[in-house]
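> This is what each chain is made of:
There are 2 protein chains.
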Amino acid sequence: MTNSIALLLMSHGTFAHSAMKSAELIIGKQENYETVGIDVVDDVDALEQEMMEKVESLDQSNGLIILTDIIGGTPTNLASRLLQNSTTILVSGLNLPLVLDVCMNRQMNLDSVVGSLEAAYAQGFTIRTVTDVMGGEEDEYSL
Amino acid sequence: MTNSIALLLMSHGTFAHSAMKSAELIIGKQENYETVGIDVVDDVDALEQEMMEKVESLDQSNGLIILTDIIGGTPTNLASRLLQNSTTILVSGLNLPLVLDVCMNRQMNLDSVVGSLEAAYAQGFTIRTVTDVMGGEEDEYSL
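Chain order of the listed sequences is A and B. So the first sequence is numbered by the numbering used here: it starts at 1 and just counts up by one. So the second sequence is numbered by the numbering used here: it starts at 1001 and just counts up by one.
Don't take each hint at face value.
What the hints assert, rightly or not - Simulated crosslink set (DSS-like; lysine-lysine; CA at most 25 angstroms straight-line):
hint, chain 1, residue 1, chain 2, residue 2
1, B, 1029, B, 1054
2, A, 29, A, 54
3, B, 1021, A, 54
4, A, 21, B, 1054
5, A, 21, A, 54
6, B, 1021, A, 21
7, B, 1021, B, 1054
For the record, the hints were derived by calculation from the structure and aren't laboratory data. Nothing here was measured: the structure is a model prediction, and the numbers come from that model.
Just chain A, with the same shape it has in the complex (with noise of 0.2 angstroms):
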């Protein structure tokens, strides 16, 4: 028992994957996750295969909850295959914003989780000319 919901993401090629490790760099590592990459030459019944197993091995007690790339990808459309109950949910828009968000409250329950992510994705959009930054101040180095 891992008391931390599962997450799976998923997206073309190696994007997911390293969504994941910048994560790792910023909050340290995680467990309970796993991350599927599809190229263009891969064999969608060999990735629904390689999906099943990989979710098989997470522990899914507290939930489970997807990020793919992008909508109307193969990516979302396998991992939609995976919606088979109440404590399943995925979540497309994939960015750090959204994996720090998901990750820093893996020990809350699911709605608690799902109900923040809408604002956290939100909140992770800027957009930033030499107007805004003439003051000349920096964020804090946070890493």
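Starting from the known structure of chain A, fit chain B onto it as the hints suggest.
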């Protein structure tokens, strides 16, 4: 002359590089871009020099868009030093919907592309549960 907006992607670890490679799996090889990955142990002065050299290698005659992983970290703080003029824009929250939107519109003028990013980002986020897939339909297999 490339006739496309220059792109710089910056992140912790290999996340930014992987994002671009995953985008290229979907829309084909891109040009006039560079990526910078930052590890905990890196020397900030050396990183700034790497960033500067990569930026100078780009054709910025149509502007420069910098995509970074998350506000408040070294990649975004370093990238902010590049905001020296009105044709350089920094966007944080790097994900595949953002990268694809930028890449598919790089021939447009800078203001038009920047204007499309917020909507692309917002539309890139979805949450799905078992009730969303009970009809059994899948999205198109566009890859």
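> I'd like to know which numbered hints this structure contradicts. Please list them from smallest to largest.
none
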